[in-house]
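J.: Once you've looked at the hints, dock chain B against the given chain A.
First to last, the sequence lines map onto chains A and B. Each residue of the first sequence is one higher than the one before, counting from 339 in this note's numbering. Each residue of the second sequence is one higher than the one before, counting from -5 in this note's numbering.
The set of hints was computed from the structure by calculation and includes no laboratory data. It should be emphasised that the depicted structure is a prediction, and the values quoted were computed from it without experimental measurement. The C-beta atom is built at its ideal place from N, Cα and C for all residues, glycine as well. It cannot be assumed that every hint is accurate.
[As the list claims (entries may be wrong)] Distance windows between CB atoms, simulated:
1) B:57 to A:484: 19 to 25 Å
2) A:949 to B:62: 56 to 62 Å
3) B:-2 to A:867: 45 to 51 Å
4) A:725 to B:81: 54 to 60 Å
5) A:921 to B:42: 43 to 49 Å
[To be verified] Cut-off 27 Å, straight-line C-alpha distance, at most; resulting in silico cross-link-like pairs (DSS-like, lysine-lysine):
6) B:65 to A:458
7) A:865 to B:30
8) A:632 to B:47
9) A:939 to A:949
10) A:598 to A:909
11) A:552 to B:65
12) A:962 to A:949
13) B:30 to A:864
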Amino acid sequence: MLRVDLSSGKIRKEESDSYVDEFVGGRGLGQNLLFRELAPGVGALDPRNPLILAAGPLTGTLAPGSGRLSISGKNLLTGGIGSSNVGGHFGPELKYAGFDAVIIEGKSAEPVYLLIEDGKATLYDARHLRGKTTWETEEEVRRAHGRTARILSIGPAGERSAPVACIIADRARAAGRCGFGAVMGSKNLKAIVGRGSLPVEVADPDGFMALAEKARAQVFSTATIQRLRTHGTCGSVGRANASCTIPFRNFQDDHMDEKKLERVARPVFQESYQVRNLSCMGCFFQDTFLYEAKEGEYAPLRVEGFQQNLVWDFVGKLEITDPGAVLAIQALCSKLGMDMDNTSGAIALAFELFEKGIIGEKETEGMRLDWGDHRAVIRLMEKMAHGEGIGSILNQGGYRAAKAIGKGAEQYAVHIKGQDLAEAIRADKGWALGTVVAPRGGGHLNGATMTGMMRISPEESMAVFGTPYGGEQDTYRGKAKVVYWYELFKSAVDTVGLCYFPSKWVDLRFLGPGEYAELLSAATGKKFSGDDLMFLGRKVHNIEKAFNTLHAGFGPEDDYPPGRFFEEPVKSGPYAGALFDRGEWQSMLQEYYRLHGWDPKTGLQTEEILKELGLGFVQEKLTKAGKIRRGP
Amino acid sequence: MNWQMETKPRAKISVDLEKCCACRCCELACSFHHHKRFDPSCSSIRVHREDGKGTLEISLISTCDGCSGEKLPWCVRFCSSGCLRVVTG
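Next up, chain A with everything else stripped away, as it sits in the complex:
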């Protein structure tokens, strides 16, 4: 483990054994360190807020989906826990450079970048990179350090610490949420560069490899992987629309006209723009695509392909149905270093406020904001990245922008705990619960369940989740159990350093806790069971929950969907009429708290549960703050 103090320029190596023994690595290690090292009351842009990069024990091996890196830090948008995860090639390269984790603290007086190479690290002057896009930065850094260097960098948005800023890897992959690009910018850290020639070793090489091959075969035996390899996550855009998860015009509807959607559906890109398949390191899904626009307004342009969240964010929220513009927006988010979900949330808010007359051309400096106008969207993105005019308000994300604008704008900002929501949630109650209670503030990467959209059978649901109702989309029953299971499971997957794609999140025939435990045991030489991994996931989740209680003061009211979803129903599509009911939501939420062993009324954690999890240091801090209950 490497500790870098940017204020003093001091870099030192630390043993991570004691943490690894308890928290294994990845998200578990990062969130544990963050909880221990950051006191409540310290802001996300304070030099004391650490940015922690952590690969897992299986990152950089041939275990399926081994290209991941977890990032921890205080969340700029919510004031609570921050957690982000990025694929590509940097995570494995960090391991080949000799480190499992890097803690970055302090603030440099001048822009710098950090090179981590074969067991050592050096800070370099980055003044010449000031103002450069992430693409320009990657090129300059490779010119200096060789073409095998792997790079995490920020763009102009991060340099000015705009909350919508993210960290970009390999040109088009993002550690998107939580404002980590802004945190990096606040430290005057332009890039982190990895380059290594050290090995990743496992305790039982032959046993590990046999398990890795078995795991690959298990995933390959399904039709799901063939679909993902051919179409990526955008292949299911039609299904997403049929499931009403497309937030049309800033969530005014959760479904859009199929004819409009077809203009930017996967076949259009496959036939007219696709150059090749691409993949993260060590992954056999190969489900992103290199696209090229050879003609049209945004040509020439080559960009690694987008995922379904861009469809939600820009096709759905803003009605962008020009394929060239979709690619241009993907490229611009990457180059400027802006998170798609938060960026589109703020822009869609502005468009709706313009439509409702709450803001006008005076506020937009003469721009009209009409749905579907990609030129206006792109101009706003530029203004946000450079902090110009209304861009300096919108680059705070939808929640803060609405507060700054006032005049009733707040009701149109669709956010969870202060962070913009990416996807429509009214029609799918399991997806909704997982998204709304996610500790980092929205997003489907904790408990959100796809079992409703997958239409799993009652028997399948019962076997994994202990409830027959996992396959029902628009009902509240049983969803707390499914969400609880996925929260534990996905925390564990992030902790071992793998991707969710080959896991039971995507298909119940894919890898589960048992398979991951076998791989981890063979890699580390310590015996883990599937239950051990779920227990570990529970510990990590409880640390995140406690961090939110202590740092952001979140309570049950923050575990409710945005207000307009209780009043405005879905207008069209198969789930027209769907909306939330407060009583039903409350019952589902209380069942969810009970499953975690938390106080059902206040959602506070209990002494008993924290004892059972061996989280004495968490219990101590919550007790001191008076934010703990006895019981149940």
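T.: Here is chain B on its own, set in the frame of chain A:
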């Protein structure tokens, strides 16, 4: 683009660069086969993404022995994209 790489002492491996997705599983498999560890720096096959141009390169280093004694070279065994194949006949 298609070409063949000589692997000593056995059959050739054909490379279909258009199918490569740069997952680098071949590098990991190669290093594991020879050294029982995951270490792209000692792999006999190298895949390089030229991100600025959107192109890829694959090269074979003279340390390749074609995984002599194995049913399939490990790089081919772990290539899921169909880029690497053993040329028979």
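J.: With reference to the structure, classify each hint as holding or not holding.
T.: Hint check results:
1. B:57 to A:484: 19 to 25 Å: Given a distance of about 20 Å, which is inside 19 to 25 Å, the answer is holds.
2. A:949 to B:62: 56 to 62 Å: 57 Å, holds
3. B:-2 to A:867: 45 to 51 Å: 47 Å, holds
4. A:725 to B:81: 54 to 60 Å: 58 Å, holds
5. A:921 to B:42: 43 to 49 Å: Taking Cβ atoms as reference, residue 921 of chain A and residue 42 of chain B lie about 58 Å apart, which means the hint is violated.
6. B:65 to A:458: This hinted pair is violated, its Cα atoms lying about 40 Å apart.
7. A:865 to B:30: 21 Å, holds
8. A:632 to B:47: With Cα atoms ~14 Å apart, residue 632 of chain A and residue 47 of chain B stay inside 27 Å; holds.
9. A:939 to A:949: 20 Å, holds
10. A:598 to A:909: This hinted pair holds, its Cα atoms lying about 16 Å apart.
11. A:552 to B:65: 17 Å, holds
12. A:962 to A:949: 16 Å, holds
13. B:30 to A:864: 19 Å, holds
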